[in-house]
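Q: Listed here are the chains, written in short residue letters.
There are 2 protein chains.
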Amino acid sequence: MSEYRPLRVALLGAGSVGAEVARLLLEQKEELKSRVGAELELVGVAVRDLTTKREGFPKDLLTTDVESLILGADIVIEVMGGIEPAKEYILRALNSGADVVTANKSLLATHGTELFNVAEQVGAQLYFEAAVAGAIPIIRPLRESLGGDRVKRIMGIVNGSTNYILDRMDKSGISLEEAMAEATELGYLEADPSLDVEGFDAAQKAAILATLAFHTEVPLDKVYREGITSITVAQMKAAQRDGYVIKLLAICEFLEADSSGPEGISVRVYPALVPRSHPLAAVNGAYNAVFVEAEAAGSLMFYGSGAGGTQTASAVLGDVVSAAKRHVAGGPGLSNSTHAKLEILPISRIQTRYSVQLEVSDQPGVLAKIATTFSKHGVSIEAVEQSVLSGKEVVAYLEIGTHLASDAALAAVVEDLKASDAVQKVASVIRMEGL
Amino acid sequence: MSEYRPLRVALLGAGSVGAEVARLLLEQKEELKSRVGAELELVGVAVRDLTTKREGFPKDLLTTDVESLILGADIVIEVMGGIEPAKEYILRALNSGADVVTANKSLLATHGTELFNVAEQVGAQLYFEAAVAGAIPIIRPLRESLGGDRVKRIMGIVNGSTNYILDRMDKSGISLEEAMAEATELGYLEADPSLDVEGFDAAQKAAILATLAFHTEVPLDKVYREGITSITVAQMKAAQRDGYVIKLLAICEFLEADSSGPEGISVRVYPALVPRSHPLAAVNGAYNAVFVEAEAAGSLMFYGSGAGGTQTASAVLGDVVSAAKRHVAGGPGLSNSTHAKLEILPISRIQTRYSVQLEVSDQPGVLAKIATTFSKHGVSIEAVEQSVLSGKEVVAYLEIGTHLASDAALAAVVEDLKASDAVQKVASVIRMEGL
Numbered sequence: 001m002s003e004y005r006p007l008r009v010a011l012l013g014a015g016s017v018g019a020e021v022a023r024l025l026l027e028q029k030e031e032l033k034s035r036v037g038a039e040l041e042l043v044g045v046a047v048r049d050l051t052t053k054r055e056g057f058p059k060d061l062l063t064t065d066v067e068s069l070i071l072g073a074d075i076v077i078e079v080m081g082g083i084e085p086a087k088e089y090i091l092r093a094l095n096s097g098a099d100v101v102t103a104n105k106s107l108l109a110t111h112g113t114e115l116f117n118v119a120e121q122v123g124a125q126l127y128f129e130a131a132v133a134g135a136i137p138i139i140r141p142l143r144e145s146l147g148g149d150r151v152k153r154i155m156g157i158v159n160g161s162t163n164y165i166l167d168r169m170d171k172s173g174i175s176l177e178e179a180m181a182e183a184t185e186l187g188y189l190e191a192d193p194s195l196d197v198e199g200f201d202a203a204q205k206a207a208i209l210a211t212l213a214f215h216t217e218v219p220l221d222k223v224y225r226e227g228i229t230s231i232t233v234a235q236m237k238a239a240q241r242d243g244y245v246i247k248l249l250a251i252c253e254f255l256e257a258d259s260s261g262p263e264g265i266s267v268r269v270y271p272a273l274v275p276r277s278h279p280l281a282a283v284n285g286a287y288n289a290v291f292v293e294a295e296a297a298g299s300l301m302f303y304g305s306g307a308g309g310t311q312t313a314s315a316v317l318g319d320v321v322s323a324a325k326r327h328v329a330g331g332p333g334l335s336n337s338t339h340a341k342l343e344i345l346p347i348s349r350i351q352t353r354y355s356v357q358l359e360v361s362d363q364p365g366v367l368a369k370i371a372t373t374f375s376k377h378g379v380s381i382e383a384v385e386q387s388v389l390s391g392k393e394v395v396a397y398l399e400i401g402t403h404l405a406s407d408a409a410l411a412a413v414v415e416d417l418k419a420s421d422a423v424q425k426v427a428s429v430i431r432m433e434g435l
Numbered sequence: 001m002s003e004y005r006p007l008r009v010a011l012l013g014a015g016s017v018g019a020e021v022a023r024l025l026l027e028q029k030e031e032l033k034s035r036v037g038a039e040l041e042l043v044g045v046a047v048r049d050l051t052t053k054r055e056g057f058p059k060d061l062l063t064t065d066v067e068s069l070i071l072g073a074d075i076v077i078e079v080m081g082g083i084e085p086a087k088e089y090i091l092r093a094l095n096s097g098a099d100v101v102t103a104n105k106s107l108l109a110t111h112g113t114e115l116f117n118v119a120e121q122v123g124a125q126l127y128f129e130a131a132v133a134g135a136i137p138i139i140r141p142l143r144e145s146l147g148g149d150r151v152k153r154i155m156g157i158v159n160g161s162t163n164y165i166l167d168r169m170d171k172s173g174i175s176l177e178e179a180m181a182e183a184t185e186l187g188y189l190e191a192d193p194s195l196d197v198e199g200f201d202a203a204q205k206a207a208i209l210a211t212l213a214f215h216t217e218v219p220l221d222k223v224y225r226e227g228i229t230s231i232t233v234a235q236m237k238a239a240q241r242d243g244y245v246i247k248l249l250a251i252c253e254f255l256e257a258d259s260s261g262p263e264g265i266s267v268r269v270y271p272a273l274v275p276r277s278h279p280l281a282a283v284n285g286a287y288n289a290v291f292v293e294a295e296a297a298g299s300l301m302f303y304g305s306g307a308g309g310t311q312t313a314s315a316v317l318g319d320v321v322s323a324a325k326r327h328v329a330g331g332p333g334l335s336n337s338t339h340a341k342l343e344i345l346p347i348s349r350i351q352t353r354y355s356v357q358l359e360v361s362d363q364p365g366v367l368a369k370i371a372t373t374f375s376k377h378g379v380s381i382e383a384v385e386q387s388v389l390s391g392k393e394v395v396a397y398l399e400i401g402t403h404l405a406s407d408a409a410l411a412a413v414v415e416d417l418k419a420s421d422a423v424q425k426v427a428s429v430i431r432m433e434g435l
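Protein sequences appear in the order of chains A and B.
Take the first sequence: its position 230, counting from 1, is numbered 230 in UniProt numbering, and each next residue is one higher.
Take the second sequence: its position 325, counting from 1, is numbered 325 in UniProt numbering, and each next residue is one higher.
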């Protein structure tokens, strides 16, 4: 490879990821030069305030003049987070012809299509491997390796904080509140934890993954979302007893046309029972994993650290190297295709299995009544387990597992159960995946 | 994306992978056109003999005129296998300016550098995702996603046949011979099984992975190799008892300079004890997985079907789409860098843990003698377990686990043990990885 002019790299953001990116760029300068065929010169780091003390950045690289920094750059790395001014800076960079590397999942999930359209128009590239599942290479395999295959389904554990919380509840029998307190102490949860525990973060990543896998724009408000805040110790114990583990899953699935509607895709986030023998069940702590089922490739899984400054920085650097090689070698690279324009279907269309737990009066005929309610809506029961609650002798506890049923049918069953005088309480309804 | 002229795709080889590639190219023609921005036209399938009956190929596409087929192609897919004439055809294709997609690991492991050099000289691309671990995207992540990171170690289960055999021995307690007979019946083993069970196939893949991970050419004869043919039911049982599983691992590792020599890389294949809690331990049946440890990214694992016509075809198609997009978008793409030129170190340099099983005379002082032999060579013992063999009352059985030690030191210990009058038999020496 012949010598090429140095490539000017601008870094927007000086947080933990930015610091690690800067460190890697500076420390591995020679190595990166050999790999790319050109020097990667960090020309500046945009910060809001020059007076803040910042470790790890050469002082003369810090600047508040973001406009000039962007204008002179070949590659712009955005690790500031948030929507604005990140979006404005990225648009400015693309329009000036620079390639952009971003780790900003909220921005991509909300304004991704606009950004990709601008990139395509001007012939620049927008890289975002770090936006989903940290250092795990999942964007590139979906964009490229599976480019000749048909993805049928993706099931991902894409939020490390909630996986840590659920894993602790599973392993130690502690409550959600206790596990959340631990996660906060370890820095896994923000001061406002709802982004994680209500599933918003996972929903953003699901939207990005679904867009790539199904070549269809997926607006965030079309992603069905349930968080983990209702998960109880009792549900965890029941899951363990039956050989399952509860995981917060981001699911992107292609659904064939059926009697209830046309073909399309379902993109959803919810806690679900996963059999302990499934590869996703073994994803512990704050790790992430993405399980992909494709027509020809079969089942694939990508596993690794989902978060953390160094891991995210590794993914960012990988993208920087790709962008730099493209500069050296020429050519506009790949575009983000949304040509398929599949319909995004409501949650009522999905077919899955359910575990329903009921507190019922311990009287003859109760089970028959309940079974009738299920069959009325066409939901077939696979297994029933009955136990008497200790200390509550007039109440029995029913655990009902269903065969595949539509979410609409199951919702109708649950509504009827709540109104039934045989049922004292619908204690838990949880979906079962990976069977 | 604007309309582009149809791209001419030539297929060399009409076996099970070739048939699946042809099927996908023909059936998904419209879908691929949308993704790529140009039609992928299968212009011919090279076969040795036109009279052989072949299912699944349009008859008018079959040809024995390989030279003309290659000359008119934009993208040449080589799925014939073997060294010649595959090598000659690939060189011819590259020299005519075509991009080449190959699944031929033996060819890459033996003549890869020559092929990559030619590709670089003429500005063509050589893709080979399908050559390692079937449909699992591992080549692209190593080439690109981790392009800005430093790989420290790769541990892979890259041969599905041997993983199936070891898994069956573990799960059912059957012997190696019985498991091999099963694998042969299922079509997992060839008539001559030595390519798999002696570790040659895994060694080829290790050479390819190490070249990518460490930017260093790795000749096949520098890969240390042990197969699984000496694995016994007794070793399997001992592994289970101690919480381990035996896996055939392909390991590529960077070693720092130490008192015994300079820095460099170790590339090796051998069966090893892996703790059951390690993600690799859960890789069952004929599945493959590659575990990567990188400086910034931390631990990553890539998991999926390692073999099979459809899986390999998926990987081939992914490469074809990459090559086609490069045609549409222009630019010479990526090159295979071997700039680092690290030294490839002998097996004696590695540091790992060992499990040594000995049959010894059941007499006072024996353990002291044996412990002295270990310490004489600087190998520190972590645990000793002694049991009396049933039915052999004068013989005791010693199982010794070591701390980290060099292979050279351990080899010296074993040599002394064999010569010692306290030892009746060195029953088993097996390395321990993933601790």
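Errors might be hidden in some of the hints.
Identical copies carry no separate label here, and so any pair may be met within one copy or between two of them.
Straight-line alpha carbon distances no greater than 27 Å define the calculated DSSO-like cross-link-like pairs of lysine-lysine that follow [stated by the list, open to error]:
{"no.": "1", "residue 1": "Lys33", "residue 2": "Lys59"}
{"no.": "2", "residue 1": "Lys152", "residue 2": "Lys171"}
{"no.": "3", "residue 1": "Lys29", "residue 2": "Lys341"}
{"no.": "4", "residue 1": "Lys341", "residue 2": "Lys222"}
{"no.": "5", "residue 1": "Lys376", "residue 2": "Lys152"}
{"no.": "6", "residue 1": "Lys87", "residue 2": "Lys341"}
{"no.": "7", "residue 1": "Lys222", "residue 2": "Lys237"}
In case anyone wonders, no lab produced these hints; they're calculated from the structure.
Q: All hints, please: hold or fail.
A: Results for each hint:
1. Lys33 x Lys59: within (23 Å within a copy, 50 Å between copies)
2. Lys152 x Lys171: neither (32 Å within a copy, 31 Å between copies)
3. Lys29 x Lys341: between (42 Å within a copy, 18 Å between copies)
4. Lys341 x Lys222: For Lys341 and Lys222, the Cα distance is within 27 Å only inside one copy (14 Å; across copies 51 Å).
5. Lys376 x Lys152: neither (31 Å within a copy, 59 Å between copies)
6. Lys87 x Lys341: Within one copy, since 24 Å is at most 27 Å while 42 Å is not.
7. Lys222 x Lys237: Neither, since 33 Å and 52 Å both go past 27 Å.
The structure fails to meet hints 2, 5 and 7 from the earlier list, while all remaining hints are met.
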